[in-house]
Amino acid sequence: MSGDPDPCCGPAGAALTAHLAAAQRAAGLPECTFDQWLAAAPADAQLLHRVLLAARPG
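Mapping of the sequence shown onto my numbering: position 7 corresponds to residue 7, and the numbering continues sequentially without gaps.
Because the hints were derived from the structure by calculation, they are not lab data.
Note that CB positions come from ideal geometry on N, CA and C, so glycine has one too.
Any given hint could be a false lead.
Okay, the calculated beta carbon distance ranges per label pair [unchecked claim]:
#	residue 1	residue 2	range
1	Gly13	Ala41	15 to 25 Å
2	Pro57	Gly28	31 to 41 Å
3	Arg25	Pro57	13 to 23 Å
Go ahead and model the full structure; you've got the sequences and the hints to work with.
Pasting the structure below:
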């Protein structure tokens, strides 16, 4: 997988990274980081991601 998981995310981030890589392999897609995947996503998906992050507690 290209890039290391973000160290601020700890074990949860590492698990998410592993699941993303497994899903990409299962779908026959090239592996990429979440940031690379999000950058390639449609604008409305990027907007939804920002809205969800802004709405999370903490």
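Against the structure, the hints come out as follows:
no., hint, in the structure
1, Gly13 x Ala41: 15 to 25 Å, "holds (19 Å)"
2, Pro57 x Gly28: 31 to 41 Å, "holds (37 Å)"
3, Arg25 x Pro57: 13 to 23 Å, "violated (33 Å)"
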